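K.L.:
Modelling step: build the complete structure from the supplied sequences, incorporating the hints.
2 protein chains.
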Amino acid sequence: MPKVIITGGDGFCGWPTALHLSRRGYHVVLVDNLYRRKIDEELGVGSLTPITSIEERLQAWKDITGKDIPFYNIDLSTDYEAFFELVIREKPDAIIDFAKIRAAPYSMKTPQHKIETVRNNLGTCQTVLAAIVESGLDIHLVHLGTMGVYGYGSPAGSIPEGYLNVYVKPTTIDGQTSEELLPWKILYPASPGSVYHLTKCQEALMFQFYNKVNQVRITDLHQGVVWGTNTEETAMDERLVNRFDYDGDYGTVLNRFLMQAAYDFPLTIYGTGGQKRAFIHIQDTVRCIEIALRDAPEKGTGVKIFNQVTESHRVSDLAQMISSLTGVPIQLIPNPRVEAAENELIVQNTQFLERGLQPTKLYDGLLVEVCEIARRYKQRVVQDSILPKTKWRKELPSGEGVLLENTYGTKVSV
Amino acid sequence: MPKVIITGGDGFCGWPTALHLSRRGYHVVLVDNLYRRKIDEELGVGSLTPITSIEERLQAWKDITGKDIPFYNIDLSTDYEAFFELVIREKPDAIIDFAKIRAAPYSMKTPQHKIETVRNNLGTCQTVLAAIVESGLDIHLVHLGTMGVYGYGSPAGSIPEGYLNVYVKPTTIDGQTSEELLPWKILYPASPGSVYHLTKCQEALMFQFYNKVNQVRITDLHQGVVWGTNTEETAMDERLVNRFDYDGDYGTVLNRFLMQAAYDFPLTIYGTGGQKRAFIHIQDTVRCIEIALRDAPEKGTGVKIFNQVTESHRVSDLAQMISSLTGVPIQLIPNPRVEAAENELIVQNTQFLERGLQPTKLYDGLLVEVCEIARRYKQRVVQDSILPKTKWRKELPSGEGVLLENTYGTKVSV
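Residue numbers (our numbering), protein chains in the order written: chain V, 1 to 414; chain W, 1001 to 1414.
Hints listed in this document are in silico derivations from the structure and should not be mistaken for laboratory results. All values reported here derive from a predicted model rather than from experimental measurement. Mixed in with the good hints there might be a few duds.
Taking lysine-lysine pairs in the DSSO-like style, the calculated list, with each CA pair at most 27 Å apart, reads [unchecked claim]:
(1) V/K212 <-> W/K1185
(2) W/K1212 <-> V/K276
(3) W/K1394 <-> W/K1109
(4) W/K1212 <-> W/K1169
(5) V/K91 <-> W/K1109
(6) W/K1091 <-> V/K109
(7) W/K1394 <-> V/K3
(8) W/K1091 <-> V/K394
(9) V/K394 <-> W/K1212
(10) V/K276 <-> W/K1169
(11) W/K1394 <-> V/K212
(12) W/K1394 <-> V/K299
(13) V/K212 <-> W/K1109
(14) W/K1067 <-> V/K299
(15) W/K1389 <-> V/K212
(16) W/K1394 <-> W/K1276
(17) W/K1212 <-> V/K389
(18) V/K276 <-> W/K1091
(19) W/K1003 <-> W/K1091
(20) W/K1185 <-> V/K169
(21) V/K212 <-> V/K276
(22) W/K1378 <-> W/K1361
(23) V/K299 <-> V/K3
(24) W/K1389 <-> W/K1276
(25) V/K212 <-> W/K1391
(26) W/K1212 <-> V/K391
(27) V/K391 <-> W/K1091
(28) V/K391 <-> W/K1299
(29) V/K62 <-> V/K38
(30) V/K185 <-> W/K1276
(31) W/K1003 <-> W/K1299
(32) V/K299 <-> W/K1391
P.N.:
What follows is the structure in structure tokens.
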């Protein structure tokens, strides 16, 4: 079976991917600098689920399945040598790169958070690519990108998978335009909405470059908002449980709603809730990555890009759905982000469906399962973390001054 | 008069810009970490011209003009706080950002050089932008970009200034395309040819982002290959002399040819010499920057992009011109770069011409002046540095094994 190095293998997507592939016979090697756990300490709010240490996780996996997953604590953004030596020694068939500081709000908190997000995310990407080239090995790089690279509201209609066919009217040196239309297949024009998403767009340029100059085989997965917590593997034992983030910085919208519902707090919608977003369940994330591994691009072909999403919903519709499922009300709060109040979103995702992905849909009952996770661990919630603390511009509102009250009379504000 | 902070103000473009603006009454503040001088030591080859220390340069400027230029040694890629404090204290009207590790070959030398170029160039850019936003001041950022962001060989015909008008046929969710053509003005699709150029494309995305989210006023200057050494100001005193790089890593093609001619070595063309490039004289660089400063974009408008070039030439034509001027022969050597053997290049540059730029053309006699610089300092040449040492892929040839012989029988190889 193939060997894969998973960077960021202790994180929300990396950890379940590691177990999913290990269970299916892949030789998995984990790399992580455990930075996400340090951010828990920085923010004073941890995973809702009681995740165990990386050592305990790996021991539990060995106890249950008999499989060893070696772990290396390497900071890819500062220690190229250590990573390069690992690559040379392990000779992996593929590297799956999750080693990013994620979350749009976290990346927008302060100048230092902006700088650190850029430093880490571009640094890790460059280290991985430079090491692949220097090794001389034909390693397939699978990278977790984001739907956020596309932005919202273009004349292109539905969002294609990575590339856009456009037409240009060639111009002369005087700027005079001919009436002829020439086709050009380009990388979809980037329009990131946060520094975090910006780094993903910048990584996408790196992939194009290393693919063109050094013919590195690369698959970039533009993932939607992930919801859910556990996969088949992380549910096998409580020691294997995956992260669940619900706070204003790291909690994605759906998981935040579910936690708020579990706590009988109103579901907080930023602005009008007219924002439409694409979603995927964490179980489908790991399946998609396995599909991408199996379906690696040929040497000498371009960067392969998949849209890793299964359905799109308007934020207000999601809130309505959870509200009617749980009985908790909805509360509109000022939007701390710079984004369009309303947008349409139609995402092409045929590539994964053609390759056999059976999507886990929101209405299929798993939503209820996730509500259960939120209820089960709700005594672990840090209440003050529910509302947004980060704003995109100084003059914008954040959650400050907003007061939420649940049915027991418990109040929350920033 | 306006106040400007010039980052990278000790470098090849930064230094003459500082003097040009200082002489015209701008209040200039210099920032540099002197990293370019450390690279001289790393490569074992310095400027052909005997540049003096930054302290001596600034003292000389004061002796001659009576003008003070304060200097701060700050590493922008690691010391946000120091730069932010400077911005708050000085309250500049504009920041001109030259603080980049430049040169395509240098950025491709080793994995460490790739990583360091990305770390520095994205880090400095992010520091400057984050500091502008945090300061709350309406500071105009002028950035030196590169023609290298465009790549060579698109169906667009001549290269527009930064943005491209394209047309899309909107698609449905099934990927079905309508026949309607909708216009879309996009950032010209990036196609960098080296890690150095890649960072410029990544910076361009940062500018779009900070302009969109925080309305930072930004001008990005896509500069061609710079030739020449001195400007009116740097020629005022030998202690003010500007850098002249001629080595395989830092010497741009024209300056390398001139130095080879001065030394009676054959002019080395990579590949066929069919590559066409856009050029600008260093005197015009500083004039363009002054124009860009005066013509700052309004708040709330997009990033302003100028093509900072004055003429385009094929490398083989340049070599022919210098060969007939000096009598030295031409020698073809294998191309160590990954690039098209031949390309067309027509660059739109009307914006600067409309704003009064009077281009300094190659044929106007200044070429002879530059030959004189090369001849005058030729005893300072490190001969082994003339040929390229850096190659874009391991399997490509570099200057290795190539033997050059001048008319005196002196031989050079890598």
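K.L.:
Look at each hint and say if it fits the structure.
P.N.:
A quick look at each hint next to the structure:
1. V/K212 <-> W/K1185: At roughly 25 Å apart (the allowed maximum being 27 Å), W/K1185 and V/K212 satisfy the hint.
2. W/K1212 <-> V/K276: holds (20 Å)
3. W/K1394 <-> W/K1109: Roughly 10 Å between the alpha carbons, so the hint for W/K1394 and W/K1109 holds.
4. W/K1212 <-> W/K1169: holds (26 Å)
5. V/K91 <-> W/K1109: Between V/K91 and W/K1109 the Cα gap is close to 23 Å, so the pair holds against 27 Å.
6. W/K1091 <-> V/K109: Satisfied, since the Cα-Cα distance of roughly 23 Å is no more than 27 Å.
7. W/K1394 <-> V/K3: Answer holds: W/K1394 to V/K3 is near 25 Å, not above 27 Å.
8. W/K1091 <-> V/K394: holds (19 Å)
9. V/K394 <-> W/K1212: holds (15 Å)
10. V/K276 <-> W/K1169: holds (22 Å)
11. W/K1394 <-> V/K212: With Cα atoms ~14 Å apart, W/K1394 and V/K212 stay inside 27 Å; holds.
12. W/K1394 <-> V/K299: holds (17 Å)
13. V/K212 <-> W/K1109: holds (17 Å)
14. W/K1067 <-> V/K299: violated (59 Å)
15. W/K1389 <-> V/K212: Judged against 27 Å, a Cα distance of about 21 Å means the pair holds.
16. W/K1394 <-> W/K1276: holds (25 Å)
17. W/K1212 <-> V/K389: OK: W/K1212 and V/K389 at ~21 Å, within 27 Å.
18. V/K276 <-> W/K1091: The hint is violated at about 41 Å.
19. W/K1003 <-> W/K1091: Between W/K1003 and W/K1091 the Cα gap is close to 8 Å, so the pair holds against 27 Å.
20. W/K1185 <-> V/K169: holds (12 Å)
21. V/K212 <-> V/K276: violated (34 Å)
22. W/K1378 <-> W/K1361: Distance ~24 Å between W/K1378 and W/K1361 Cα, so the pair holds.
23. V/K299 <-> V/K3: holds (18 Å)
24. W/K1389 <-> W/K1276: The hint holds at about 22 Å.
25. V/K212 <-> W/K1391: Roughly 15 Å between the alpha carbons, so the hint for V/K212 and W/K1391 holds.
26. W/K1212 <-> V/K391: holds (15 Å)
27. V/K391 <-> W/K1091: Between V/K391 and W/K1091 the Cα gap is close to 24 Å, so the pair holds against 27 Å.
28. V/K391 <-> W/K1299: Within the cut-off at roughly 21 Å; holds.
29. V/K62 <-> V/K38: holds (26 Å)
30. V/K185 <-> W/K1276: Roughly 24 Å between the alpha carbons, so the hint for V/K185 and W/K1276 holds.
31. W/K1003 <-> W/K1299: holds (18 Å)
32. V/K299 <-> W/K1391: With a Cα-Cα distance of about 21 Å, the restraint between V/K299 and W/K1391 holds, given a limit of 27 Å.
Of the numbered hints stated above, those contradicted by the structure are hints 14, 18, 21, listed in ascending order.
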